[in-house]
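Q: Listed here are the chains, written in short residue letters.
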Amino acid sequence: MSASYIDEMHEAFRSELVYRPEEIPLECTPGPKEMEQTLHGVMKLNGLIIRSLEEIAGRGANAVTYRAGKKFGHEIAKYFQKREDVEGALRELSDLLRGQYSFEVWKPEGEESFIIEKDGETFIYLVFHDCIVRQTLRRNGLEQGGPLCQTLYGYVVGAIEEITGRKARLEIVHTGPNACLKKLILK
Amino acid sequence: MDIRVDKDACVGCGLCVKDCPMHVYELQDNVSVPVRPNDCMGCLSCHEICPAQALEHRGIYPARRHYIDIKVCEMLRKVI
Ligand code: SF4
Ligand code: SF4
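Residue numbers (the numbering used here), protein chains in the order written: chain Y, 1 to 187; chain S, 188 to 267.
Bound-form chain S, shown alone:
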């Protein structure tokens, strides 16, 4: 798995370090570093918890999302 952290965006809160079940991240100089990317199983809990949206996973399998309300998303897309 190729995991990238936007160093400028990361605020060093350590939430991804605590939340990742596979201990993929470590805080180094107040920035999260993916030290064990090959242990990542793609749950994306880290994406959900990161307040800075600083994380990026490449090569991940995106699970099917049936729960998205397409009408709401279409409306939001017009606004944003």
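Bound conformation, chain Y alone:
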């Protein structure tokens, strides 16, 4: 390795900045445009982990990622206000997910209420609009609905269970490029 190459490399990591421990950063650096490469790197890495997990664990991959998501949901929602009403719980959940996922409660035109009772099940439709998982899968050319999506389902279920104290389940109804429809089944 040539000395000039080493010097050049060292030069790239030098600055005149005086850094003090009390200096708390108030914004992310670098700016969003420069973050693009980092974001692509993270997406690529996540995609490869999921692909490898599927290759090795087969269908068991879903159980692993679902469990991981559920634990995360319980963990995060522990610090939120406990409430019995589902509407309140969904509000809490949407605050919890802000920035990574956004969703709305939805119903087909023919349904009277957002809480639907059909075939002995009580459920609510959720349309997920912004979703970092969908972005990651599409970035990697992976199918939607697989193990990475299970992480999100686990997360939502874990958080709802933690907030309401009720058991819940989430089912995929449809995955699309711009939004996904899910069914939150309440037990």
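Everything labelled a hint here was simulated from the structure, so no lab data went into it. Incorrect hints may have been included.
[As the list claims (entries may be wrong)] Partner residues aside, some chain Y positions facing chain S, computed with beta carbon under 8 angstroms:
#1 D7
#2 Q135
#3 V173
#4 A179
#5 C180
[What the hints assert, rightly or not] Far from chain Y by the CB rule (all over 12 angstroms, computed), these chain S residues:
#6 R191
#7 V192
#8 C200
#9 H210
#10 D226
#11 G229
#12 I267
Even for Gly, the Cβ is constructed at its ideal location relative to N, Cα and C.
Given the coordinates of chain Y, assemble chain S with the ligands onto it according to the supplied hints.
A: Relative to chain Y, chain S with the ligands alone:
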């Protein structure tokens, strides 16, 4: 939701009819017609599958797209 189908572009393949989870479309005289637009939840699967790019949704919430490679898009924009 305001959904419009370009009747001249639509080839009547019926892919949007089959793919839409909310059964928004029906084929009438070999052209897709959005008969239940208010049941649309904005997934845009129909846009992705339509070979004729005949569909238009107005008033839709566009999900954030983080996966677009801006450099590639900038290059393509110069070419197209
Ligand atoms: S966006 Fe989705 S729900 Fe709406 S018409 Fe297209 S396929 Fe159906
Ligand atoms: S997918 Fe496109 S071309 Fe095919 S029927 Fe639907 S609108 Fe027409």
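Q: Tell me if the interface restraint on C180 of chain Y is satisfied: Cβ within less than 8 angstroms of some Cβ in chain S.
A: Nearest chain S Cβ about 7 angstroms off; hint holds.
Q: Hey, does C200 of chain S actually stay past 12 angstroms from chain Y on C-beta?
A: 18 angstroms, holds
Q: Closest CB-CB distance from I267 of chain S to chain Y, is it above 12 angstroms?
A: Holds: least Cβ distance 21 angstroms, greater than 12 angstroms.
Q: Can A179 of chain Y be said to touch chain S, with a Cβ gap under 8 angstroms?
A: 4 angstroms, holds
Q: Could you check that no beta carbon of chain Y comes within 12 angstroms of the beta carbon of V192 of chain S?
A: 18 angstroms, holds
Q: The output says R191 of chain S does not contact chain Y. Does that hold with a beta carbon cutoff of 12 angstroms?
A: 17 angstroms, holds
Q: Compute the least Cβ-Cβ separation between H210 of chain S and chain Y, then decide whether it is above 12 angstroms.
A: For H210 of chain S, whose nearest Cβ neighbour in chain Y is about 9 angstroms away, the distance does not exceed 12 angstroms, so it is violated.
Q: Minimum Cβ distance from D7 of chain Y to chain S below 8 angstroms?
A: This hint is violated: D7 of chain Y lies away from chain S, its Cβ roughly 29 angstroms from the closest one there, beyond 8 angstroms.
Q: Measuring from the C-beta of V173 of chain Y to each C-beta in chain S, is the shortest one below 8 angstroms?
A: V173 of chain Y check passes; min Cβ-Cβ to chain S is 6 angstroms, inside 8 angstroms.
Q: Double-check Q135 of chain Y for me: the hint is only fine if its C-beta lies closer than 8 angstroms to a C-beta in chain S.
A: Result: holds, 4 angstroms to nearest chain S Cβ.
Q: Against chain Y, does G229 of chain S keep a CB gap of more than 12 angstroms to every residue?
A: 5 angstroms, violated
Q: Would the non-interface assignment of D226 of chain S survive a Cβ cutoff of 12 angstroms against chain Y?
A: Label violated. Min Cβ-Cβ 5 angstroms, cutoff 12 angstroms.
Of the hints listed earlier, those the structure fails to meet are numbers 1, 9, 10, 11, in rising order.
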